[in-house]
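A.B. asks: Following the hints, complete the assembly by docking chain H onto the known chain V.
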Amino acid sequence: MSDAPRLHDDDRRLIDELLDGRLASEPSAADDLLARLERDPVTREYLLERAALHAGLRQSLRRRHLTDWAVSRAQEDPPRGGRRPRWHVLARFTVAACLAGAFLAAVAWSRPYATVTMGIGTAGLATGRTVRGERHELASGVLELKTRRGAQVVIEAPAAFQFESPQRLRLAKGRIAADVPTQAKGFTIVTPSGEAIDLGTRFAVDVPASGDAEVHVFDGEVVARTGAHASTSLRNGEAFSLATNTARELRTAAFIRGGEVAELAAAISAGQERMSAEAIQRLRDDPALIAVIDFEGDSVGGGGTSPAAGQNRLVQGRWPGSQAADFTNIGDHLPLDVGGDADWPQLTVAAWVRLDRLGEPYQSLYHTDGWAMQNPGQVHWMIVDSGVMRLALPGWKLGAGAIERHGHPESRTSVLGAVGRWMHLAFVYDSSARTARFYVDGRPDGVTPLVDAPLARLGPARVGNWNHNDRKLSGRIDELVFVGRALSADEMRDLFEAGVPYRSSSL
Amino acid sequence: MPDSRACRRQSRTLELTFSQGRRHKNMDSQQASDVRERLSRLWMQAEPAVNAYVFAAVQRFQDAEDVVQQVALAAARRFEEYDGTRPFVAWVLWLAKSKIIDHYRVQGRQKLVFSETLLDQTAARLVERQAASHAGAAALEQCIEKLPPKSRKLLDLRYVEDASMEAIAQAINSTAGSVRVMLFRVRDLLAECVKAALAKEAT
Numbered sequence: 030m031s032d033a034p035r036l037h038d039d040d041r042r043l044i045d046e047l048l049d050g051r052l053a054s055e056p057s058a059a060d061d062l063l064a065r066l067e068r069d070p071v072t073r074e075y076l077l078e079r080a081a082l083h084a085g086l087r088q089s090l091r092r093r094h095l096t097d098w099a100v101s102r103a104q105e106d107p108p109r110g111g112r113r114p115r116w117h118v119l120a121r122f123t124v125a126a127c128l129a130g131a132f133l134a135a136v137a138w139s140r141p142y143a144t145v146t147m148g149i150g151t152a153g154l155a156t157g158r159t160v161r162g163e164r165h166e167l168a169s170g171v172l173e174l175k176t177r178r179g180a181q182v183v184i185e186a187p188a189a190f191q192f193e194s195p196q197r198l199r200l201a202k203g204r205i206a207a208d209v210p211t212q213a214k215g216f217t218i219v220t221p222s223g224e225a226i227d228l229g230t231r232f233a234v235d236v237p238a239s240g241d242a243e244v245h246v247f248d249g250e251v252v253a254r255t256g257a258h259a260s261t262s263l264r265n266g267e268a269f270s271l272a273t274n275t276a277r278e279l280r281t282a283a284f285i286r287g288g289e290v291a292e293l294a295a296a297i298s299a300g301q302e303r304m305s306a307e308a309i310q311r312l313r314d315d316p317a318l319i320a321v322i323d324f325e326g327d328s329v330g331g332g333g334t335s336p337a338a339g340q341n342r343l344v345q346g347r348w349p350g351s352q353a354a355d356f357t358n359i360g361d362h363l364p365l366d367v368g369g370d371a372d373w374p375q376l377t378v379a380a381w382v383r384l385d386r387l388g389e390p391y392q393s394l395y396h397t398d399g400w401a402m403q404n405p406g407q408v409h410w411m412i413v414d415s416g417v418m419r420l421a422l423p424g425w426k427l428g429a430g431a432i433e434r435h436g437h438p439e440s441r442t443s444v445l446g447a448v449g450r451w452m453h454l455a456f457v458y459d460s461s462a463r464t465a466r467f468y469v470d471g472r473p474d475g476v477t478p479l480v481d482a483p484l485a486r487l488g489p490a491r492v493g494n495w496n497h498n499d500r501k502l503s504g505r506i507d508e509l510v511f512v513g514r515a516l517s518a519d520e521m522r523d524l525f526e527a528g529v530p531y532r533s534s535s536l
Numbered sequence: 218m219p220d221s222r223a224c225r226r227q228s229r230t231l232e233l234t235f236s237q238g239r240r241h242k243n244m245d246s247q248q249a250s251d252v253r254e255r256l257s258r259l260w261m262q263a264e265p266a267v268n269a270y271v272f273a274a275v276q277r278f279q280d281a282e283d284v285v286q287q288v289a290l291a292a293a294r295r296f297e298e299y300d301g302t303r304p305f306v307a308w309v310l311w312l313a314k315s316k317i318i319d320h321y322r323v324q325g326r327q328k329l330v331f332s333e334t335l336l337d338q339t340a341a342r343l344v345e346r347q348a349a350s351h352a353g354a355a356a357l358e359q360c361i362e363k364l365p366p367k368s369r370k371l372l373d374l375r376y377v378e379d380a381s382m383e384a385i386a387q388a389i390n391s392t393a394g395s396v397r398v399m400l401f402r403v404r405d406l407l408a409e410c411v412k413a414a415l416a417k418e419a420t
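Chains V and H are the protein sequences, given in the same order. Last residue of the first sequence: number 536 in my numbering, and the count goes up by one each step with no gaps. Last residue of the second sequence: number 420 in my numbering, and the count goes up by one each step with no gaps.
Only chain V is shown next, with the shape it has when bound in the complex:
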């Protein structure tokens, strides 16, 4: 260090205050010092000397602390032959000798960028594992991480990611939701088509395998950067395509967020996944089964065919590594042909649904192509803008006690409360009893009496977009089940309880 002329002690103290970060709250003293630093080379020289000492101390003392920690760990579990003291000396020596070049290593290797706070079905990335700058491929599961600065990040498979620093996460593909506290402001997600820079918020990024990354802001503000000079400020409720630089519709439930992860993990450890598989197997063995569409090994009875690919994206279902169909854009759909030409005196249809948002005016769950007034019994099942389920069969007439005003049976319960989570929706139609019942998460919702009740008919149909106009679906569908009999309330409850992917995490 050079022999700079000595400054007055008061000025030197002020420099220490600057380095200790205490001048930010004293703007006038800070401005004076900054002006003086520009003006006076002697003050600048002193600042640089003191900053070198400051940085050196941080680096050295942290290294020592980590070495002490490592040594104490090694002593808890001593190696053979009682060679501990030599290891200790060697560690000290190495640290001292390498110090000059150690800073990067200290940051990159000694201090993890993030820690896995919950790994569900994520092979190799179990809870408690630390993550640094290495690349990770997530073939299945859900991963919740906490960064060094305290940002909570949930990544859903299939995904590929790599931290560049505790504040920069590169996402090659996958879905990620981030909850960023003030101290992690500036947390950035880098995608192949641009960056999302957080300004203190909750937001999410979706990078499909095909590209076209999207940023969704739930709360606060995010800057979407698509080039050196192209930035867009996004506020809560906005979504943006980084690939096309255009606004998109917000899809809150496309992303698994913090609170949901613990419940998913609790369900997995409680054995829900196995119970769900067993329940579905029982249904497959049911003589009245028409079809189970679970995107793994569909069971489709006589007169039907497995769904064609259609236009949708296969994403992760309720369980790690399972699949579900995801509908995002207008026109996204799944063509389906089950039930053939048969007439169904009784019909139960159920599905696990994860709604991204309520489309207007209809979220289309299942629409037969042949629906027309002259074609009685054709099934249409949807969620309307008030958030209730509706069943529409041409040729029926509501009974005297019906309270619906639109001429079709509707659920009493709005499903709006469950937007952003998996929910189990079902209807049971019984033409001989002349009733239509709805179930939400296994609970009976109400009965609509009918006067005229035609036999139900299925056949060629679509899940998702049906007429390219007002019927679309924004969300995921998993385990769509058609049964040619009326399941009882107990059976509906059991089906829900076996398949629900959540358990209270406090249990």
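I should point out that these hints are in silico values taken from the structure, not numbers from a laboratory. Glycine included, each C-beta is placed from N, C-alpha and C at the ideal position. Among the clues, some could well be false.
Where chain V lies over chain H, by a calculated footprint (3+ residues, C-beta under 8 Å) [said to hold, decoys possible]:
hint : segment
1    : 280 to 287
2    : 405 to 415
Cross-link-like lysine-lysine pairs, in silico, DSS-like; alpha carbons within 25 Å at most [said to hold, decoys possible]:
hint : chain 1 : residue 1 : chain 2 : residue 2
3    : H       : Lys412    : H       : Lys367
4    : V       : Lys214    : H       : Lys363
5    : V       : Lys214    : V       : Lys175
6    : V       : Lys214    : H       : Lys314
7    : H       : Lys363    : H       : Lys412
8    : V       : Lys202    : V       : Lys214
C.D. replies: Chain H in isolation, oriented as in the chain V frame:
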């Protein structure tokens, strides 16, 4: 410096980043390994200057460390842009300047911000006085060893725990004002000790 395994490991991040850089794909493996070695050597020489520069302009430890890391990654990614006829330290300090400005932008106005002029002035000075680096760091190690336990505790609270003056005061049963004075004195003591050790080495 001893050629220990630990030392070699420390340049791994740089090498890792470098080998991922697609622009270098036309090199054969021998060439790539030569370039990697050169980058590691240059970075180690320049690092004390980068640290001093960033820790002066960015006050919180974690922020400063993140910025230094961004500089290291940028240096590795853009190494082929470096003009070997000019000092490496000047180039990395130029990269550091833009990373510091990026940091200011993200942090908003509540932090203390160096002007571009001041960033240029300090960088220019650091380029001039490149020499005092590794010897200084080794001397600092020896000087820390000589400190009495009370001073070590004070420094640990500040530099390891990143505690505020008030929190340190509470931990050692003192006042924030006294802590500031004590820290100031311990730093002076260390600066004098380092200077003396370097002078001794020079003779």
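A.B. asks: Which numbered hints does this structure break?
C.D. replies: Checked against the structure, the only hint that fails is number 4, while the rest are satisfied.
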